[in-house]
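K.L.:
For the sequence shown, the positions run 1 to 66 when the numbering used here is used.
The hints are simulated quantities; they were obtained by calculation from the structure and are not laboratory data. None of these values were measured; they are calculated from a predicted model. Misleading hints may appear alongside valid ones.
[Stated by the list, open to error] Label pairs and their in silico Cβ distance ranges:
1. Ala59 to Arg35: 34 to 42 Å
2. Gln60 to Ser17: 16 to 24 Å
3. Gly3 to Val61: 23 to 31 Å
4. Gln66 to Gly2: 42 to 50 Å
Here a beta-carbon is modelled for each residue, glycine too, at the ideal position from N, C-alpha and C.
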Amino acid sequence: RGGGWTLLTAVNLMLFSLLHNPCSTTIYTIYKETRSARWTTVASLLPVAMGISVCFLVAQVWRLLQ
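Model the full structure from these sequences, guided by the hints.
P.N.:
See the structure below:
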């Protein structure tokens, strides 16, 4: 619990790191292949939304089981 970190914080950090936004090179490649700012935005924000959702669900289940 050093620095306010708990096991739940560490688990959520690892999960979000796996599910978050792709690197800038990937985003640029998506734009080059689709030629669409809309699809590039969707492809960039969808993993972020998924990461937030998964972390939220894990935190809720974690707290429920404690």
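K.L.:
Take the hints in turn and mark each one as holding or not.
P.N.:
We went through each hint and held it up to the structure:
The supplied range of 34 to 42 Å is met by Ala59 and Arg35, whose beta-carbon atoms lie about 39 Å from each other. Take Gln60 and Ser17: their Cβ atoms lie about 20 Å apart, and the range 16 to 24 Å holds. The hinted range of 23 to 31 Å is satisfied by Gly3 and Val61, whose Cβ atoms lie roughly 24 Å apart. The supplied range of 42 to 50 Å is broken by Gln66 and Gly2, whose beta-carbon atoms lie about 20 Å from each other.
Violated hint: 4 only; the structure is consistent with all others.
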